[in-house]
Structure formats: structure tokens, C-alpha cells
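Quick note, the sequences are listed as chains A and B, same order.
If you want the working numbering, it's the position in the first sequence, counting the first as 1, plus 474.
If you want the working numbering, it's the position in the second sequence, counting the first as 1, plus 584.
FYI, nobody ran anything at the bench for these hints, they're computed from the structure.
Yeah, the Cβ is synthetic: ideal placement off N, Cα and C, and Gly gets one too.
Where hints are given, some of them may not hold.
Claimed, not checked - If you want the ones that stay clear, here's a sample from chain B, every Cβ over 12 Å from chain A, calculated: (1) F594; (2) Q601; (3) A602; (4) S609; (5) P620; (6) L624; (7) S627; (8) E631; (9) L632; (10) T635; (11) Y643; (12) L644; (13) S646.
As the list claims (entries may be wrong) - In silico DSSO-like pairs for lysine-lysine, Cα to Cα no more than 30 Å straight-line: (14) K705(A) to K793(A); (15) K922(A) to K822(A); (16) K793(A) to K891(A); (17) K705(A) to K832(A); (18) K705(A) to K995(A); (19) K610(B) to K793(A); (20) K618(B) to K832(A); (21) K995(A) to K610(B); (22) K922(A) to K868(A); (23) K610(B) to K922(A).
Unchecked claim - The calculated label-pair distances, taken between Cβ atoms and stated as ranges, are: (24) N590(B) to D675(A): 50 to 60 Å; (25) L849(A) to E631(B): 51 to 61 Å; (26) V589(B) to M588(A): 34 to 44 Å; (27) V585(B) to V837(A): 50 to 60 Å; (28) L849(A) to L613(B): 44 to 54 Å; (29) A645(B) to R902(A): 28 to 38 Å; (30) E634(B) to Q969(A): 40 to 50 Å; (31) E631(B) to Q969(A): 55 to 65 Å; (32) S630(B) to K827(A): 20 to 30 Å; (33) S633(B) to G971(A): 46 to 56 Å; (34) D917(A) to E631(B): 56 to 66 Å; (35) A602(B) to P538(A): 32 to 42 Å; (36) V585(B) to D808(A): 19 to 29 Å.
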Amino acid sequence: VKGVGFVAAALAVAPALPAQVSYERLENAAREPASWLTYSGNYASHRFSALDEIDGSNVSRLRPVWIYQTSSGGALETSPLVADGVMYLTEPPATVTALDAKTGRPLWSWSRPMPTDLRTLGFPRTNRGLAVLGHNVYVGTLDNHVVALDRASGAVRWDVQIADNSLGYCITAAPLAIDGKIVIGVSGGEAGVRGFLDALDADTGERLWRFWTIPGPGEPGHETWSGEAWKTGGGATWLTGSYDPDFDLLYWGVGNPAPDWNGDVRPGDNLYTCSLVALDAETGRLKWHFQFTPHDVHDWDANQIPVLIDAEIDGRPRKLVVMANRNAFYYVLDREVGTFLLAAQYSKQTWAKEIDEKGRPVVFPNTEPTEEGTLVWPSLQGATNWFSPSYSPKTRLLYVAVREMGSYYYKAEVEYKPGDYFMGGGERALAGDEASGAIRALDVWTGKTVWSFRQHSPPWAGVLSTAGGLVFAGAEEGNFFALDAATGEPRWQFQTGGGVRANPISFQIEGRQHIAIAAGKSIIVFGL
Amino acid sequence: VGLRVNEDSFTLQLRDQAGRIHSFSKLELEGLEKLPGESLMPSYQSELSETGLEDLVAYLASLRGEP
């Protein structure tokens, strides 16, 4: 089949496309707001855009510029990337699509057929995004392949399998590309996998290191497990982490212990579940850890976005990592050595009296799951979840999408069977008018709520803040909206017609600022 | 006063007793009061005796025909 060649003459000569998205561009992504080069916008995971064309004075005129309707089924939770005029996105279950960022017209598409016996235990058949580095984009698939695709054509450059789906492992997270490495985590905490984080050679896919989140015999932390429980201990790494190039440290959240709700079979703190781990990016060795919820029995994974912030506290410059955790507390840690500095409740919770001076929760009695059901806030979906927060260096506020919902937690007997659910109970969430949501602005140094915008229902969508003084967020009922970043006052909303379960991004098309969000089964790009 | 047909963070759709749909922007409302558990249906409490209610239910249950 012969193609048809065209020569298009433009009135203005477009600048030549950069040859590649270099590591240096990724490291300085915050200074290149015309693009959106990493899952969270920069290595510090601020999900902040320095673009200020769209602001409080004109956001009421924001309108859709183009809509791309995906053709595949499943939950569209993708956070697109934009590089050099091309938008890259994932579609469930395992498709990567490149679009002309100006028009939304497809440039290429790649799909991996999923096996008929694919196991996705405890989460939807989704994919939350990809990474770009050099000439390639990188994606993980539900059947645990990590694939490098040529940015220009979608051709497969390499394809490696990192885990066994028959045991319950999957990949839903976007990889993180750092200098020469692709870092990728796995799902499977509801199947009793032993979690890990892999670093692959960006050129070849060869594994450079693996960090097991559940320490084996002889390793520090193994003493927090009993008997053989560590082998099926969970600790999935199913959300993209952050990176500090100066310390060469990766910051990655670790998920729940398994079984989720019956902790009787795994006495101990169960490290490094429900923890943040800081790993040497060169070797994968653990530098430090901090456990938010020791011996968790409510499924409160720490798979939230760690946000890196530099601040001056009491006259002393500090390099911090902060996290609004699923357990309803906001934490501030020193990101060089992991020292606990502060915790503050940011959402309703009924499980902990306080967080003590070492960062350990003082747990109320009788809050564990029972056969009859125990009502506890937050619900197992947490006070927040995988959807991204945003930090604005202009307001110095952390914006968090918050779920105000409680659950009855149940405990049951469970036996491990490879590739099957290994949860030991369940929940019945309080829904309807008993639950609500919020976009909440937290003072990053104190964790105190500065403002809160009430949402009709608990959200599954992330937050973007901009230098235009706006915060963009989405709702289950399809609203995509903008709030004043300083006050939380609503400034604009658009009914997308589909539930918003994704994170917004911002970028430029021909020098004009745009905002993109996945809603329903579509990508919608807005501009003035 | 109306029955909530739908609601989101910004809008509210109510059906009044005549069946008309009213759409509101929440930002333009001076006040909004939810009446959980209350029905717009007139109460039958004083309209039927206990026997009358049982007869009504028995009659309704007998109305089974081809779909």
C-alpha cells in the first residue's frame, strides 16, 4: 500500500521540533509550561502551571476548543502529557494515543491486546498515564508489560514483562522517567502480592534494580511481620512518585497490607505498607521510610502523591515532602532524612485520637473491622486517594480533593489463593446525602484549612493550580470547574456530560494557554 | 418546594407538584433547605382505616395480568 505524500506550505515557518525530550527538560519542566512533561507536571509533583493567561478576570469565557472521544471501554483516568505540540494519552485498557495538540486529531495509536483471563482484583481496568524521555514514550499495561514507543510513530522500541498477572499483579500507574531510567510500580494489594518498585534502563528495558516493599528474611523491617505473612503482605506501588535530583532520591507511596481488613493473620506494623519510602535512584536502596498507618486494617494505602516543597521554617531553610494521606491526616516530613515534623487532620476521621510526636497515630479502641461492622471515618476509599493534589508556589497552599465519607468495615476469615482476592472482609460506605466532597486549601506549614469548597459528592478527580490564581477540579456529576486559588470562590464551571475521574493539566497551543481534562470517555481541551 | 430530580455541586433540578421541572444555579440561590424523609404526597393516614388499607393492598395485589 502506497501512502500519499503532502507538502504543506505555511505562511509562517514553524520552529523545528526538538529532537527529544531530554532529561534536562524533565528536570526543568516547571520552566517549560508550554508543555506538560511528567505525570504531575514536575519532579516535585506540584501539578502547578506557571501559565497565567487564564485568570479570574477571563475564566468565565473558557470554552471547549476540541474534544477527543476515546474508542475503548473502561474508566478514563488518564493524565495526558504534552510535548512539542503533541498530546500523549492512555486509553483503557492498554492503548496509547498521540494527538495533534492544536486540533485533537490522532497522529498514531498503539494498543496491546489484553489476555482473556486478565485479572484485575480490586480496581478498574484503567491506566493513569505515561512518561516521556528522549525519543520515546513509556507505558505500563494491566498484564505487566512496560513498553517503550517511538514518540513520532508509536513503533515499539522495547517491551519487557515485569510481573505475573496470574498472581494479581497489574500496572495502572504512569511510569516516572528520570535520567536514563524508567521507574514503574505495580498494583495487586487486594490479591496478596508482594509489592515492588522497578527501575528499567530507558534504552533497553533491562531491569537496573528492584525494591521489595515487604522486606524479606534478614532485611530491616522483616521483624514487623509474623511467620510467612510477609510473602503475601501486599504493599503495592500503584501511583507515580516524586523525585529530588539534588538528593537523587525517589519518593514513593506504598499501599495497604494484605489481607486488607483482617489483620489477625499479620500481627505487627507490617512495614513498609502504608508508608512513604525514599529510595536512592541509582541503586534502589532504602534511604528512609515513614509509616503513616502502622498495621492498617482499613485499606488506607499511602498511594497518594508526595509533594516536594522547599520552605523556611523558624528561620531555617527546609526541604520538605508533604502528603495529604488517605487516613485523613496531612503530614510534613524532612525529605532528606525523613524526620517527622507535623501532622494535622484535614478531613473527618474517627480512628485516631492524635498523631504523637514521632508521627505515630494514637488509635482509638474498637475501630477495627468486625463481623457486625464498625463505622469509621474515613471510608476505605479514604479522605483522599490516587487523584492528584496541587501545590501553588504563589499562594503556598496545597489544594486537595477531599472525600467526606464513612464506612462500616467488616472482617471475615480469608485464605490466600494465588491470583484471587485476599481481603478478609469488606465495607458498606455511607453514600447519598450522608457523604460529600470538597476542594480544600491547606496551609502547607500548618496543615490548617484556609478555605473549603463543598462538592455534592466525594470526588475522584485531581486538582491543578495555575499562576493565573485559579484552581481547576472535577466532579463525579461531570462538572469541571475553576475556583479562586486564594479564596475558593467559584469562578467558572462546565458540565462535561461524564464523570470526571482524572487530573487536569495545562499547556500552550501557539502561545495560548489551554486546560485539558478527561471526562467520561473524552478528553476535553479548553481555551479562551 | 419540589422533589429533587438531580443535583450537582453547581446546579439543582426540582420537579414541583404540577410536574414542572425547575432548574437552579446554586450560586444564585439565597437559601436551600433539604427536607430529608419528607414526601410531597398527601398523607393517607386519616383517609383509610386499617381494614380499608388492607383491602386496598389486597385489591392492588390482585391486579395481575399479562404485561
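Status of each hint after checking the structure:
Not every beta carbon of chain A lies more than 12 Å from that of F594(B), the smallest distance being close to 5 Å; the non-interface claim is violated. No beta-carbon of chain A comes within 12 Å of the beta-carbon of Q601(B); the shortest separation is about 22 Å. Residue-level check passed: A602(B) sits 25 Å from the nearest beta carbon of chain A, beyond 12 Å. The Cβ of S609(B) does not lie farther than 12 Å from every Cβ of chain A; its closest approach is about 9 Å, which violates its non-interface assignment.
With a closest Cβ-Cβ approach of about 7 Å to chain A, P620(B) is found to fall inside the 12 Å limit, against its non-interface label. For L624(B), the condition that its CB be more than 12 Å from all CB atoms of chain A holds, with the nearest at approximately 17 Å. At roughly 23 Å, the least C-beta separation between S627(B) and chain A is larger than 12 Å, which holds for a residue marked as non-interface. Distance check for E631(B) against chain A: the nearest CB is about 30 Å away, which clears 12 Å, and the non-interface claim stands.
At the 12 Å boundary, the C-beta of L632(B) stays outside the reach of chain A, the nearest C-beta of that chain being 31 Å off. Non-interface call for T635(B) relative to chain A: holds, since the shortest CB-CB distance, roughly 36 Å, exceeds 12 Å. Every CB of chain A lies more than 12 Å from the CB of Y643(B), the least distance being 34 Å, so the non-interface label holds. For L644(B), the requirement that its beta carbon stay farther than 12 Å from each beta carbon of chain A is met, with the minimum near 29 Å.
The claim that S646(B) is not at the interface with chain A holds, since no C-beta of that chain comes within 12 Å of its own (minimum 35 Å). Pair hint K705(A) plus K793(A) does not hold up; C-alpha atoms about 35 Å apart against a cutoff of 30 Å. Only pairs whose Cα atoms come within 30 Å are accepted, and K922(A) paired with K822(A) is accepted, the gap being roughly 13 Å. For the hint pairing K793(A) with K891(A), the CA-to-CA distance comes to about 44 Å; that exceeds 30 Å, so the pair is violated.
Between K705(A) and K832(A), the direct Cα distance comes to roughly 28 Å. Compliance with the 30 Å bound is thereby established for this hinted pair. Restraint check for K705(A) and K995(A): the C-alpha separation of about 38 Å exceeds 30 Å, so the hint is violated. Distance hint between K610(B) and K793(A) is unfulfilled; the C-alpha atoms sit about 42 Å from each other, more than 30 Å. With a C-alpha separation of about 44 Å, the suggested pair K618(B) and K832(A) falls outside the 30 Å cut-off, and the hint is violated.
The suggested pairing of K995(A) with K610(B) holds, with an alpha-carbon distance near 27 Å, which does not exceed 30 Å. Simply put, K922(A) and K868(A) have alpha-carbon atoms about 17 Å apart, close enough for the 30 Å limit, and the pair holds. The hinted pair formed by K610(B) and K922(A) meets the criterion: a straight-line CA distance of about 27 Å does not exceed 30 Å. Restraint check, N590(B) to D675(A): a C-beta distance of roughly 52 Å satisfies the suggested window 50 to 60 Å.
Distance hint for L849(A) and E631(B): a CB-CB separation of about 39 Å, inconsistent with the stated range 51 to 61 Å. Our hint of 34 to 44 Å for V589(B) and M588(A) holds, since their Cβ atoms are close to 39 Å apart. Under the hint 50 to 60 Å, the C-beta atoms of V585(B) and V837(A), about 45 Å apart, miss the expected range. Range check, L849(A) to L613(B): about 32 Å between beta-carbon atoms, so the 44 to 54 Å window is missed.
Separated by about 32 Å at the C-beta atoms, A645(B) and R902(A) satisfy the suggested range of 28 to 38 Å. Against the hinted window of 40 to 50 Å, the Cβ-Cβ separation of E634(B) and Q969(A) comes to about 49 Å, which satisfies the hint. At roughly 42 Å, the beta carbons of E631(B) and Q969(A) sit outside the given window of 55 to 65 Å. Take S630(B) and K827(A): their Cβ atoms lie about 52 Å apart, and the range 20 to 30 Å is violated.
As the Cβ distance of S633(B) to G971(A) is approximately 51 Å, the hint placing it in 46 to 56 Å holds. A beta carbon spacing of about 59 Å between D917(A) and E631(B) agrees with the range 56 to 66 Å that was offered as a hint. The hinted range of 32 to 42 Å is satisfied by A602(B) and P538(A), whose Cβ atoms lie roughly 36 Å apart. As the Cβ distance of V585(B) to D808(A) is approximately 56 Å, the hint placing it in 19 to 29 Å is violated.
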